[in-house]
Amino acid sequence: MFGYNNKILIIDVSSKSWKWEDLEEDVVRDFIGGSGLGAYLLYQHCPIGAEPLSHSNPLIFCASPLVGSKLTTTSKFAVVSKSPQTGFIGDSLSSSSIALSIKGVGADAVVITGASREWISLVVDKEGVRFNDASNLLGTTTSATEKSLMGTLGKGYDTACIGPAGENLVRFASISNDGGRQAGRTGNGAVMGSKKIKAISFKGHKKIPSFDENALAKTRIDLNYKSLGEATEKYRTLGTMANLSVFERLKILPTGNFRNQSNKDFQNISGEAMHTEEKVSTSHCANCTIGCEKLITIPNSGSEKVRLEYQSLFAMGPLVGISDRETILKSSKFCDESGMDTISAGSTCAWFMECMQKGIIPESWLKLLPRYDNEEDLFAQLLRSIAERSGIGDILAEGSARVSEAIGLGSQEFAMHVKGLEMPGYEPRSLHTMALALAVSTRGACHNRSSAYEYDFSSDSDGYKQSSRGRMVVEGEDYSAVMDSLIWCKFVRRVFDNFYDESAEILNNITGWDIDPKQLAQCGERINNLKKQFNIREGWNRSHDNLPKRIFSDPLINGEKVSSISESELDNMIEYYYDARGWTSDGIIPSEKLVSLGIKS
Amino acid sequence: MAINLTVELFGNSQVLTGQKLIDLQFLKPQVDICDVIQALGQRFPMLDGKVLDFGTKSLLSSYALNLNGVGFKDAAQIELADGDSILILPSQAGG
Numbered sequence: 001m002f003g004y005n006n007k008i009l010i011i012d013v014s015s016k017s018w019k020w021e022d023l024e025e026d027v028v029r030d031f032i033g034g035s036g037l038g039a040y041l042l043y044q045h046c047p048i049g050a051e052p053l054s055h056s057n058p059l060i061f062c063a064s065p066l067v068g069s070k071l072t073t074t075s076k077f078a079v080v081s082k083s084p085q086t087g088f089i090g091d092s093l094s095s096s097s098i099a100l101s102i103k104g105v106g107a108d109a110v111v112i113t114g115a116s117r118e119w120i121s122l123v124v125d126k127e128g129v130r131f132n133d134a135s136n137l138l139g140t141t142t143s144a145t146e147k148s149l150m151g152t153l154g155k156g157y158d159t160a161c162i163g164p165a166g167e168n169l170v171r172f173a174s175i176s177n178d179g180g181r182q183a184g185r186t187g188n189g190a191v192m193g194s195k196k197i198k199a200i201s202f203k204g205h206k207k208i209p210s211f212d213e214n215a216l217a218k219t220r221i222d223l224n225y226k227s228l229g230e231a232t233e234k235y236r237t238l239g240t241m242a243n244l245s246v247f248e249r250l251k252i253l254p255t256g257n258f259r260n261q262s263n264k265d266f267q268n269i270s271g272e273a274m275h276t277e278e279k280v281s282t283s284h285c286a287n288c289t290i291g292c293e294k295l296i297t298i299p300n301s302g303s304e305k306v307r308l309e310y311q312s313l314f315a316m317g318p319l320v321g322i323s324d325r326e327t328i329l330k331s332s333k334f335c336d337e338s339g340m341d342t343i344s345a346g347s348t349c350a351w352f353m354e355c356m357q358k359g360i361i362p363e364s365w366l367k368l369l370p371r372y373d374n375e376e377d378l379f380a381q382l383l384r385s386i387a388e389r390s391g392i393g394d395i396l397a398e399g400s401a402r403v404s405e406a407i408g409l410g411s412q413e414f415a416m417h418v419k420g421l422e423m424p425g426y427e428p429r430s431l432h433t434m435a436l437a438l439a440v441s442t443r444g445a446c447h448n449r450s451s452a453y454e455y456d457f458s459s460d461s462d463g464y465k466q467s468s469r470g471r472m473v474v475e476g477e478d479y480s481a482v483m484d485s486l487i488w489c490k491f492v493r494r495v496f497d498n499f500y501d502e503s504a505e506i507l508n509n510i511t512g513w514d515i516d517p518k519q520l521a522q523c524g525e526r527i528n529n530l531k532k533q534f535n536i537r538e539g540w541n542r543s544h545d546n547l548p549k550r551i552f553s554d555p556l557i558n559g560e561k562v563s564s565i566s567e568s569e570l571d572n573m574i575e576y577y578y579d580a581r582g583w584t585s586d587g588i589i590p591s592e593k594l595v596s597l598g599i600k601s
Numbered sequence: 001m002a003i004n005l006t007v008e009l010f011g012n013s014q015v016l017t018g019q020k021l022i023d024l025q026f027l028k029p030q031v032d033i034c035d036v037i038q039a040l041g042q043r044f045p046m047l048d049g050k051v052l053d054f055g056t057k058s059l060l061s062s063y064a065l066n067l068n069g070v071g072f073k074d075a076a077q078i079e080l081a082d083g084d085s086i087l088i089l090p091s092q093a094g095g
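Chains V and S supply the protein sequences, listed in that same order.
If you're matching positions, the first sequence starts at 1 in our numbering and goes up one per residue.
If you're matching positions, the second sequence starts at 1 in our numbering and goes up one per residue.
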């Protein structure tokens, strides 16, 4: 089989053993790679009802057929496990050289099972798998861990690691790789920490032949050229930070834990202001021509830089009601170095700070609060205490969903999460297609698995019917599943004139298959149904597809304009969505549907 | 009769010009997007080929139009009136 190693590396860290298993062609024809293959392997390797932070939950790293093709933006990998935040499927993507190294050691996927008794660092290279003592790395930041391992192992190793947050089982801990890129969402860093794996390093240079190298070479040149055109302009110039000023002007920037009552001016922290007033440099993932990464030198900190994109800017700033640039940059840097998802960290703090303002914190918890001078200082100290699981941070490290259930007193209504995953910086009261996508996403409040905002930002958005939004989310989810499985970066999507046609041709040129565009689109449908079926297996029910109460109870009022969405409107859209998926009105996948997709024989 | 419009620039269009808001006045009864683009082109030639196409008097596909911060519009859909604000913003929504 061209394009794949046809091998899965299975590592059991309990027994410190490893083996290779064959990856069957029919599996990758159905689930491709990346997020899709990860979902398949999770379904196979995760026992029903497994506790996410136990030895039985597998941690899976997946490459894809496009990794190694040198096509722009394709050096990506997926990390998949049962999420300690949601209890459902948790998948997260990251990028750069380590994706090449995973495939370079001869694996299409690495499945890590069990749990080590002592802290270890895994090393995978031509000699096999080593289980090195990692006690000297405990407590070190993500960048220090990478640097240390680079020094110990020598050149050519690429490392994914956790920071103190992952060691301390912060439920929204991330996995960091290649100098600070993050597989951020759904808490895979905590799963890695529960296995006492501080880091995993890969070194391998195995080349996987493609079926038609000449055709790929032409495609590579064509895509490189197009990727430097109008379709990616925003990402190349200001990066995604450009969203902030636009969202603020359109009154769709969530602020103050989605209360949107802030009188603060966030123009000071816009992408335009940062670009004009701060020292900003551009960085690229391996094999990427776009360069969306903007590294900002943090004021008053020497030459220290932070990699900043819109969601981190939003979550460290407007979401918590903070507009001080230095605080935002330092907080974002702190989360990256500690290995915490910025969205969930910011959202949990924003919820807690609102609880403090409302005076509903239990007295016993008040004693655990750090001393602070002002709001900015409080936020920074909360982040620190979470990463360390010290004081009040030991409680907040559980995330807003769990802690709000513990407090009660109505605080659940403004804990801004879906299924336990905190919400990104898109305003569902204004963006109704996005509202539906956030509610039904298999991994919780996710903006990346549907790209539904595209529909809300189009010139036709005012005329959309609820039924149309249901169909659009299905289309967006299936399209995203194919992108996340091949894997393309989402920022290259507009480069394609016809995504399925062009991607099917590229996949065929890599693998030698004869998959047609419709079959490729059906892979997206199959992957989303499998993810949903995993969630159903793990206890999903209709009530999990919902939005926080605040979204329904507190309309956005801007002058004469009122933006809102009611529970019945969302319920109607969810029904249309289930119908478009071919599911029952309770959101269950009929047996015949599973059979038709080849998920169930 | 004069028509006064405001153009709000976002993203790289703001960085290139150093301007967030631009006031434009047209001394004629009807104004369309082509007039606005032509006027912008005369004042900010650096936008040509990066934000606007002065030849066709249109936006590049990397930018979108929004009228008064309310709805996204295709250029042909926009009917401009005195006091309107035209937002020129990046068309890629992701991030």
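Be careful, since some hints might not be right.
[Stated by the list, open to error] Just a sample of chain V residues kept apart from chain S, beta carbon distances all over 10 Å, derived:
no.	residue
1	K7
2	N243
3	L295
[Stated by the list, open to error] Each computed DSBU-like pair below joins lysine-lysine, with the alpha-carbon atoms no more than 30 Å apart:
no.	chain 1	residue 1	chain 2	residue 2
4	S	K73	V	K226
5	V	K155	V	K70
6	V	K226	S	K28
7	V	K561	S	K50
8	V	K251	S	K20
9	V	K206	V	K196
10	V	K279	S	K20
11	V	K264	S	K20
12	V	K251	S	K50
13	S	K50	V	K490
14	V	K279	S	K50
15	V	K251	V	K7
16	S	K57	V	K70
17	S	K73	V	K561
18	V	K490	S	K28
19	S	K20	V	K305
20	V	K490	S	K20
21	S	K50	V	K226
22	S	K73	V	K465
23	S	K50	V	K305
24	S	K50	V	K218
25	V	K147	V	K203
26	V	K251	S	K73
27	S	K73	V	K264
Hints listed in this document are in silico derivations from the structure and should not be mistaken for laboratory results.
Note that the coordinates shown come from a computational prediction; the quantities given were computed from them, not determined experimentally.
Backbone N, C-alpha and C fix where the C-beta goes; we use that ideal spot for every residue, glycine too.
Hints, one by one, checked against the model:
For K7/V, the condition that its CB be more than 10 Å from all CB atoms of chain S holds, with the nearest at approximately 34 Å. Listed as outside the interface, N243/V is inconsistent with that label: its C-beta sits roughly 5 Å from the nearest C-beta of chain S, within the 10 Å cut-off. Every C-beta of chain S lies more than 10 Å from that of L295/V, the closest at about 16 Å, which supports listing it as non-interface. Restraint check for K73/S and K226/V: satisfied, since their Cα atoms lie roughly 25 Å apart, inside the 30 Å limit.
Proposed proximity of K155/V and K70/V is supported: the alpha carbons are some 21 Å apart, at most 30 Å. Distance check on the hinted pair: K226/V and K28/S sit about 40 Å apart at the alpha-carbon level, beyond 30 Å; violated. A C-alpha spacing of about 33 Å is found between K561/V and K50/S, which places the hinted pair above 30 Å, so the restraint is violated. This hinted pair checks out: K251/V and K20/S have alpha carbons roughly 17 Å apart, not beyond 30 Å.
Straight-line distance between C-alpha atoms of K206/V and K196/V comes to about 29 Å, which keeps the hinted pair within the 30 Å bound. Of the pairs offered as hints, the one joining K279/V and K20/S holds, with about 21 Å between alpha carbons and a cut-off of 30 Å not exceeded. Between the alpha carbons of K264/V and K20/S the distance comes to roughly 18 Å, so the proposed pair stays at or under 30 Å and holds. Pair hint K251/V plus K50/S holds up; C-alpha atoms about 27 Å apart against a cutoff of 30 Å.
Simply put, K50/S and K490/V have alpha-carbon atoms about 22 Å apart, close enough for the 30 Å limit, and the pair holds. The straight-line distance between the Cα atoms of K279/V and K50/S is roughly 22 Å, inside the 30 Å bound, and the hint therefore holds. At roughly 49 Å between alpha-carbon atoms, K251/V and K7/V are farther apart than 30 Å, so this suggested pair is violated. Proposed proximity of K57/S and K70/V is contradicted: the alpha carbons are some 37 Å apart, above 30 Å.
Distance restraint check for K73/S and K561/V: the Cα-Cα separation of roughly 18 Å lies within the 30 Å cut-off, and the hinted pair is therefore satisfied. This hinted pair does not check out: K490/V and K28/S have alpha carbons roughly 44 Å apart, beyond 30 Å. For the proposed pair K20/S and K305/V, the alpha carbon gap of about 27 Å is at most 30 Å, so the pair holds. About 29 Å separates the Cα atoms of K490/V and K20/S, which keeps this hinted pair within 30 Å; it holds.
Of the supplied pair hints, the one linking K50/S and K226/V holds, its CA atoms being roughly 15 Å apart against a limit of 30 Å. For the suggested pair K73/S and K465/V, the alpha carbons sit about 18 Å apart, so the restraint of at most 30 Å is met. The hinted pair formed by K50/S and K305/V meets the criterion: a straight-line CA distance of about 28 Å does not exceed 30 Å. Using a Cα cut-off of 30 Å, the hinted pair K50/S and K218/V holds, with the two alpha carbons roughly 27 Å apart.
For a cut-off of 30 Å, the pair hint linking K147/V to K203/V stands: about 15 Å separates their Cα positions. Distance hint between K251/V and K73/S is fulfilled; the C-alpha atoms sit about 17 Å from each other, no more than 30 Å. Restraint check: the Cα-Cα separation between K73/S and K264/V comes to about 29 Å, which is no more than 30 Å; the hinted pair holds.
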